[in-house]
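Assemble the whole structure, with the sequences as input and the hints as a guide.
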Amino acid sequence: MISVHVHYLDPHRSLDSPVHALDARVKFILTVAFILTVSLTPYAAWPVFILLLAAVLSVEILSRLGLGYVQRRASLALPFVLAALPLAFSVEGTNLFTMRLGAWTQTASLEGLERFLSVGFKSWLSIQAAIVLTSSTSFPDLLRAMRAVRLPRLLVAMFGLMWRYLFVLADEALRLMRARAARSGRPGPRADSRPMPSFAWRARVAGGMAGSLFLRAFNRSDRIYGAMLSRCYDGEVRSLPLSSLSPSGWLTLAGGFSLLILLLSLGVLFWG
Amino acid sequence: MHFQMAPMHIPDGFLSTLVSLGLWALSLVAVGFSLRQVGRQLDQRQVPLMGVLAAAVFAGQMLNFAVAGGTSGHLLGAALATILIGPWAAVVVMTTVVSIQALVFQDGGLLSLGANLFNMAIIGTTVAYFVYTSIRKLAAEKPWGLFVGGVAAAWASIVAAAFACALELALSGTSPANIAVPTMGGIHMLIGVGEALITFGALAFLHTARRDLFRHDPKAFSPGALAYLFGLGFALLLAILSPIASASPDGLEWVAAQNGYLDAIREPIYQLIPDYLFPGISNRALATVAAGITGTLLVFGAAVGVAYLHRTKSPNS
Chain Y
1 MISVHVHYLD
11 PHRSLDSPVH
21 ALDARVKFIL
31 TVAFILTVSL
41 TPYAAWPVFI
51 LLLAAVLSVE
61 ILSRLGLGYV
71 QRRASLALPF
81 VLAALPLAFS
91 VEGTNLFTMR
101 LGAWTQTASL
111 EGLERFLSVG
121 FKSWLSIQAA
131 IVLTSSTSFP
141 DLLRAMRAVR
151 LPRLLVAMFG
161 LMWRYLFVLA
171 DEALRLMRAR
181 AARSGRPGPR
191 ADSRPMPSFA
201 WRARVAGGMA
211 GSLFLRAFNR
221 SDRIYGAMLS
231 RCYDGEVRSL
241 PLSSLSPSGW
251 LTLAGGFSLL
261 ILLLSLGVLF
271 WG
Chain W
1 MHFQMAPMHI
11 PDGFLSTLVS
21 LGLWALSLVA
31 VGFSLRQVGR
41 QLDQRQVPLM
51 GVLAAAVFAG
61 QMLNFAVAGG
71 TSGHLLGAAL
81 ATILIGPWAA
91 VVVMTTVVSI
101 QALVFQDGGL
111 LSLGANLFNM
121 AIIGTTVAYF
131 VYTSIRKLAA
141 EKPWGLFVGG
151 VAAAWASIVA
161 AAFACALELA
171 LSGTSPANIA
181 VPTMGGIHML
191 IGVGEALITF
201 GALAFLHTAR
211 RDLFRHDPKA
221 FSPGALAYLF
231 GLGFALLLAI
241 LSPIASASPD
251 GLEWVAAQNG
261 YLDAIREPIY
271 QLIPDYLFPG
281 ISNRALATVA
291 AGITGTLLVF
301 GAAVGVAYLH
311 RTKSPNS
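Protein chains in written order, with the numbering used here: chain Y, 1 to 272; chain W, 1 to 317.
These aren't lab readings, by the way, just hints derived from the structure by calculation.
Every residue gets a Cβ at the ideal spot worked out from N, C-alpha and C, and that includes glycine.
Certain hints may be false.
Here are the simulated SDA-like cross-link-like pairs (lysine to any residue), alpha carbons at most 25 Å apart as the crow flies [said to hold, decoys possible]:
1. W:Lys-137 / W:Ala-152
2. W:Lys-142 / Y:Ser-212
3. W:Lys-142 / Y:Arg-204
4. W:Lys-142 / Y:Leu-215
5. W:Lys-137 / W:Gln-44
6. W:Lys-137 / W:Gln-41
7. W:Lys-137 / W:Ala-209
8. W:Lys-142 / W:Ile-187
9. W:Lys-137 / W:Gly-186
Here chain W is said to cover these stretches of chain Y; the calculated rule only asks that three of the stretch's residues, wherever they fall, bring their Cβ under 8 Å from a Cβ of chain W [to be verified]:
10. 62–73
11. 128–136
12. 171–181
13. 206–214
14. 222–230
15. 252–259
Spelled out as structure tokens, the structure:
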């Protein structure tokens, strides 16, 4: 059913934990480094994968987000694993089993299966790290972290503006959908439900809603521009200077990097 | 749930490190260039407009409509944004949307964000711009050009992005080209129909409500000429490469072999740069580290380039 507000869109969970208290810049850089490490780890380096999983699970427990919450969100990326499924059959190696679908015969190999499982595991590890980052860091802190790694200022300002108005426009979209639900037919169990209109009609109505949403965005941006002008906006995007990183932040950064480099060298030396 | 996983957002783990970093570098350069172009033709109004429009594109993706069998279509919006605000600003808007989707909602990975930006924000936008502008020129100011152009641009942007996505998966050695390209392409040829219909509805509404948004400015073409050429290039490249890659088995691998990339694809993923590229380094582990540093420097260099381009924009315009 269509809910009234979309504030639950924000994945940030405000909790009191060491992970939440950590400087956003440290979290951002370590998350990217972790995902890069996962990507560079050779296929089928299972002990290294397990160690990486242990690392990300420890951070999850430390963050008090709850393993169930993180895993539920992580399941979002699951359908994409299908894209890697042909690997199990296309890579040549030790034959495992042969599948027959009519006239179509496919042989799965051990190497192929290992590669498929590795891709799935890597994807699972990476998404968990990203979930911990966004659930334990508020969006303004994330923006500061992105400025710290020297992303173009205009782009960061754009991210901030989008986030500021995302909830407003998402609410507009929900209102449009509620209006449509109140006015147009849809199939239902009740005898008096009206018949569903044609496909082209439904698509055209959705298009009209999108057009009206864009129009509202245009008009709103005019009002925002007026408000910015009245607060001395001169075309330049300004932001507060960043504070320097605390010693404990540096320490965490160094510790995290050492661990990741250690795990990566382990994987490359023994399974490369 | 309002939030659906679009099949085009590649999560982390599916692209090889080489492909990911390479596409990151390409995307950074393209986005930096677009930011510079937007800054050059700076209408101060554009800053809030792009931010709010990005929010509208994001929220517009919630407007789904039932297709059949429990599936639903929804808008991606690259073509609509391109038509309304031009290619450079549309690249910035789509970059914002795709980045926030990856960063906050895990719709697409962080390391693969470069590839997702390349597919949806850069290829999607430039191909839409090329198709739309060509048809509008052909129609010579007649209103049908707007609708036919918009519909074709919407469909083409989705299909082109899907083909690019499939080719990247194939190049990473994750999905064989002869399976990934027809599957991704086929599904998105259908999804593209939904996108085209919604775009048509949106254009029809806006044409009635705010005709001034579409006033064709003959001068407006020249700043977008570069985008036009890129769009043409991407469209041609994908149109030629995709059938070759899918029709002849291992076609893409053949191309890769010609370029000496075959080892990088077939061998374990750590072997970013084949040994012979680093003749002084015989140890594989060392070669890996060197390759990793090379990739990182590549991305870092691109980032510095972007920052530099942005910094030197003329402040008075």
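Structure-based check of each hint:
| no. | hint | verdict |
| --- | --- | --- |
| 1 | W:Lys-137 / W:Ala-152 | holds (14 Å) |
| 2 | W:Lys-142 / Y:Ser-212 | holds (23 Å) |
| 3 | W:Lys-142 / Y:Arg-204 | holds (22 Å) |
| 4 | W:Lys-142 / Y:Leu-215 | holds (23 Å) |
| 5 | W:Lys-137 / W:Gln-44 | violated (29 Å) |
| 6 | W:Lys-137 / W:Gln-41 | holds (23 Å) |
| 7 | W:Lys-137 / W:Ala-209 | holds (23 Å) |
| 8 | W:Lys-142 / W:Ile-187 | violated (33 Å) |
| 9 | W:Lys-137 / W:Gly-186 | violated (29 Å) |
| 10 | 62–73 | violated (count 1) |
| 11 | 128–136 | holds (count 3) |
| 12 | 171–181 | holds (count 5) |
| 13 | 206–214 | holds (count 9) |
| 14 | 222–230 | holds (count 4) |
| 15 | 252–259 | violated (count 0) |
In summary, the numbered hints that this structure violates are 5, 8, 9, 10, 15.
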